[in-house]
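K.L.:
Each chain, written out:
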Amino acid sequence: MRVVNGAMSQLTVVHALVLRETRTRFGAHRLGYLWALLEPVLMILTFYALFALAGRPSSSGMGLIPFLATGIVTYQLFQQTADRVASSVSANKALLFYPHVHPLDLVFARSALEVATFVTVFLVIVGAHGLVVQELTVDSALTTVVGALLAGALGATLGLVFCSLGVISNSVDRVRGPLIRPLFWISGLFYSANDLPTQIREIMLWNPVLHCTELVRDGWFTSYTARYASPTYVMGWIVALALLGLVLERSVREKVQLT
Amino acid sequence: MIELCGVTKAYPTPSGQHVVLDRISATFPEGVSVGILGRNGAGKSTMLRILGGAEQPDSGKVVRSGRVSWPIGFAGGFNGSLTGEENCRFAARIYGADLDEVIEYSQDFAEIGEYFRMPVRTYSSGMRARLAFGLSMAIDFDTYLVDEVTAVGDSSFQAKCKRAFAERRERSSVIIVSHQLSTIRAYADRVALINRGRLHFFDNIDKAAKAYEAHAA
Numbered sequence: 001m002r003v004v005n006g007a008m009s010q011l012t013v014v015h016a017l018v019l020r021e022t023r024t025r026f027g028a029h030r031l032g033y034l035w036a037l038l039e040p041v042l043m044i045l046t047f048y049a050l051f052a053l054a055g056r057p058s059s060s061g062m063g064l065i066p067f068l069a070t071g072i073v074t075y076q077l078f079q080q081t082a083d084r085v086a087s088s089v090s091a092n093k094a095l096l097f098y099p100h101v102h103p104l105d106l107v108f109a110r111s112a113l114e115v116a117t118f119v120t121v122f123l124v125i126v127g128a129h130g131l132v133v134q135e136l137t138v139d140s141a142l143t144t145v146v147g148a149l150l151a152g153a154l155g156a157t158l159g160l161v162f163c164s165l166g167v168i169s170n171s172v173d174r175v176r177g178p179l180i181r182p183l184f185w186i187s188g189l190f191y192s193a194n195d196l197p198t199q200i201r202e203i204m205l206w207n208p209v210l211h212c213t214e215l216v217r218d219g220w221f222t223s224y225t226a227r228y229a230s231p232t233y234v235m236g237w238i239v240a241l242a243l244l245g246l247v248l249e250r251s252v253r254e255k256v257q258l259t
Numbered sequence: 001m002i003e004l005c006g007v008t009k010a011y012p013t014p015s016g017q018h019v020v021l022d023r024i025s026a027t028f029p030e031g032v033s034v035g036i037l038g039r040n041g042a043g044k045s046t047m048l049r050i051l052g053g054a055e056q057p058d059s060g061k062v063v064r065s066g067r068v069s070w071p072i073g074f075a076g077g078f079n080g081s082l083t084g085e086e087n088c089r090f091a092a093r094i095y096g097a098d099l100d101e102v103i104e105y106s107q108d109f110a111e112i113g114e115y116f117r118m119p120v121r122t123y124s125s126g127m128r129a130r131l132a133f134g135l136s137m138a139i140d141f142d143t144y145l146v147d148e149v150t151a152v153g154d155s156s157f158q159a160k161c162k163r164a165f166a167e168r169r170e171r172s173s174v175i176i177v178s179h180q181l182s183t184i185r186a187y188a189d190r191v192a193l194i195n196r197g198r199l200h201f202f203d204n205i206d207k208a209a210k211a212y213e214a215h216a217a
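If you read the sequences in order, they're chains X and E. The first sequence begins at 1 in this note's numbering and counts up by one. The second sequence begins at 1 in this note's numbering and counts up by one.
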């Protein structure tokens, strides 16, 4: 009974936090939601233009817009979740004034909000595209969902590690960007693993984010099969990062200065 | 009721560990309001955070029964970019209280007019404190933890706070920390003095006053 009560009260807190985070992330105006959509859309259009200028088609018969959308939104889900979770405690210290708001609740709330945001962004983009071209087929929704959830979990657990390290030293916040950003170029946003030369692919496949984009595309496109993507490999990263993050969180918990 | 058993809390400083609370054992019984006197930096706010559970002791145990508030006083717990109303709604949600009731009561109590629907960052510190007070009064706690009420608002607001607590006396108690004897006198049934990491209880407020003045001198 104590476990159930505890879980219920934690759910109440996380729920309240999600509602509050929604308000702080998107601002007071409903237009705020458009901003969440605008960034990936602009990125997709920019790369669409570049591909068109270079006369490059997307790979394996995937439509160019859905190809870019699956890559960019999956990456953004990972990256934004990592960023938002990394700052979840420092940005919400005031809330720890309420004794039953636990730092991990802030982490859960931000992760949940980012996943919901980017799933919506993705659906809006591919939905709009589907309306325009009058065609929308999904090969395996389950595989796509698994890929997206893995990307979100990867971002959340990496964010948790950064978040806890950030309690020890402020400079962690400064290295976070330079450490994560390069993944933009090596996570299969503009190419797929199947197209890569074997040697390069072997190296690139160390990056778990690439596996996530591959899974999302495998599920989305009937014409594409991600031969090299492994959900188990990504799970390994997630479990390792989660353990590390939780251990760090536990050890720095006392050091979070409330005022 | 809140019970402290051998509670110790220290903070690292450049010149080594600074022990703020040193093996404190004490009982704060139900229905008895306690005032804790202490100079600035004596560890009063740390004490309140530990009583409330926002901070954990380095060693020792804290046992609570009944609903204990967060440390009420300045604006702790408010997010500057949200309005007063939104902040109240959040607190009501996490404490499982009725949203409309809490919002209505807080708004009434705080008397900050239009500002209730404006971001908290536009508030003066007095307005923040008023809202913090109103909000905590809107949620029913068995024990209210209050930090330096003397800093809150003008005398009419002070009188209002006193009345609100008086109305609650039957069902709730107050643990109040302050460096001013007059504040403690107004709220507390029992007095304790915090000094050099130790907590001493006194039978009557005059003895506490004497000891406090002796320390302050």
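Simulated from the structure, these hints should not be mistaken for laboratory data. Hints are supplied without guarantee of correctness; some may be wrong.
As the list claims (entries may be wrong) - Restricting the straight-line Cα-Cα distance to at most 27 Å, the calculated cross-link-like pairs of lysine-lysine (DSS-like) are:
id	chain 1	residue 1	chain 2	residue 2
1	E	K61	X	K93
2	X	K255	E	K61
3	E	K162	E	K210
4	E	K162	E	K207
5	X	K93	X	K255
To be verified - If you want the ones that stay clear, here's a sample from chain E, every Cβ over 10 Å from chain X, calculated:
id	residue
6	A54
7	W70
8	E104
9	L181
10	A214
Note that beta-carbon positions come from the ideal geometry of N, C-alpha and C, so glycine has one too.
K.L.:
Hint by hint, note whether the structure agrees.
P.N.:
Here is how each hint holds up against the structure:
no. : hint            : in the structure
1   : K61/E x K93/X   : holds (24 Å)
2   : K255/X x K61/E  : holds (19 Å)
3   : K162/E x K210/E : holds (25 Å)
4   : K162/E x K207/E : holds (24 Å)
5   : K93/X x K255/X  : holds (12 Å)
6   : A54             : violated (5 Å)
7   : W70             : violated (5 Å)
8   : E104            : holds (19 Å)
9   : L181            : holds (25 Å)
10  : A214            : holds (30 Å)
Checked against the numbered hints given earlier, this structure breaks hints 6 and 7; the rest are met.
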